[in-house]
Amino acid sequence: MKRPADVGAILIHIVLWLGIVIVAAPFVWMVLSSFKSLPEFYSFDFLPKNWDTSAYSYIFQQTSYLRWYGNSFIVGVVVTVSELFFCSLVGYTLAKFNFRGRGAVFLLILSTLMVPTELLVIPWYVMSTDFHWTDTFWGIMFPGMIDGFGVFLMRQFMMGIPDDLIDAARIDGMSEFGIYVRVILPQVKSALSALGILTFLGNWNAYLWPVIVISTEAMRTLPVGIAMFSSSDNGGLQWNIIMAMSTLAVIPIVVVYFIFQRRIVEGIALTGIK
Amino acid sequence: MQSTSVSMGDGATAKLPRQPRMTLHGRQTATAYIFLAVPLLFFLGIRIAPTIYAFLMSLFKNGGPGFTLENYHDMFTSPVFWRALTNTLLYVVITVPIQLAIGICLALMIGRIKRLKGFYRTVYFLPYITSAVAISWVWRLMYDPSIGVLNIVLGWFGIPSQQFLQSPREALLSVSVVIIWQSAGFAMLIFMAGLEAIPKMYFEAARIDGASSWQVFWRVTWPLLNPTLVFLVITGVIGGLQTFTQIANLTGSSGAGLPGGPLNSTVSMVVYTYNEGFTNFNLPFASAVTVVLFVLIMIVTVVQLKVLNRSFEY
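Residue numbers (our numbering), protein chains in the order written: chain Y, 1 to 274; chain S, 275 to 588.
These are computed hints drawn from the structure, not numbers from a lab.
One or more of the hints may lead you astray.
What the hints assert, rightly or not - Okay, the calculated beta carbon distance ranges per label pair:
1) S:H299 - Y:I74: 39 to 47 Å
2) S:G340 - Y:R182: 53 to 61 Å
3) S:A323 - Y:K49: 57 to 65 Å
4) S:T303 - Y:P162: 17 to 25 Å
5) Y:G8 - S:Y346: 40 to 48 Å
6) S:I433 - Y:S190: 45 to 53 Å
7) S:Y346 - Y:Y58: 24 to 32 Å
8) Y:T63 - S:R493: 55 to 63 Å
9) S:A375 - Y:E266: 41 to 49 Å
10) S:A471 - Y:G103: 43 to 51 Å
For every residue, glycine included, the Cβ atom is placed at its ideal position computed from N, Cα and C.
With the hints as constraints, model all of the structure from the sequences given.
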């Protein structure tokens, strides 16, 4: 069977591959640069001469990099769990319960969506200083424990669950909390995983609030650690170390992303459309 | 659980008319507020009260008692504030249309082909999920006038070396490029989802009527993508108004001075807030700046909803 060559499609493939070069170049440059010795940065070679790993050993021996990694992980996991639990609980209550004040509560939560984080960081900072929350995990995490977007998203999905399902569970004698855990949550798994991914990524990459609330090296999250080390400028920028730190921060996320790409990409598209 | 047997009773009797329904309603209200108690406390404590406090704080004197309008007066007479406001609008005007244009081109191209669709989508979306801090430092290295790779690449095409982030004329554009590089994939993803949601029969009908690809796009695809476009414009503009992380990491360090340089050429509203609030420790003044940002976001949201909603009706 002969098929006429689709010239248009071939052209598109060529353009898209050129685009991929632009997308990938910074990542490739980051990894290559992390294996160069500092003097090599001044002698334009694309590949590192000796694949020098001293930047990596410096990171593990001389900085608290692993600690920052752990901090970011703890913050990401705790905030994500809290966000999923509270947002789905409130979303369920608003979608499926009839009670006095429901409209007011929903409006109150929606109104918080219009307030940018930037307006809140100063009051949060004052609050954290007063309550001695600065430089603690709780201080980094408390603003993210629940948010209006998550509630709105979960409510949208919960509305689609048939009431009969809930009534049947009530007749079967399940407790209200049991219904939420065993009947409702399994119905919105895809929305939960999408919100979870978004929340974790958001916290993993968060910078503005952590950089304000964190004051000691040991409490830094990964982005704050990288930014603070990089800009500390002790005797010129140590580009090989900065690039090694960036590589270690970015590459694991890239690997996880490629493994779960379908779920991640579709999850984000899903939350965007709702 | 204790409530189990009781709720079973309510559920069973709910089928009967009148009286028992009241108790069910009462129970529902009680359960609802038990579920809502802690989350509502959170919303009040970390969102609503701080919002009100931010407005009040913008009227505080730095370090003294009493209320004053001085912060607003100082802000509106500060050239740096106007620089920050102008730059912020420039970031929006530069990054949002280009992101959307790249996004829709990618979405249309990927939609047109049959092979490797998922692969392209995954790769182009990648920058969006990576850490803005790490990525900004990589770009900062590439932009470096003396050791950066970008000047070498420009050299291949016979273009003279540029100062990029170190030139007050080029810095804002250089920051914008990083933002576009990171966010265009998001626009692509949402456009792709929007395109898939359009029923195929519209395209087929247009083709049968003899419409060219160009006509199909402008008469069918584009109008039907309107909701997607509204969503992307709003999220893009709001995101643009809040630009901070890339600027802070591309332009700030103890050697290069406060973020927002050189000569305030890249300073945005949020960077200005950060510098005033957490470097100069004038929190009331910084609050006043965030109030302006808040008002700006409100205006943009309302105006965009009004303007773009018009074209929804066909």
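Hints not upheld, ascending by number
The structure breaks hints 5, 7, 9 and 10; every other hint is satisfied.
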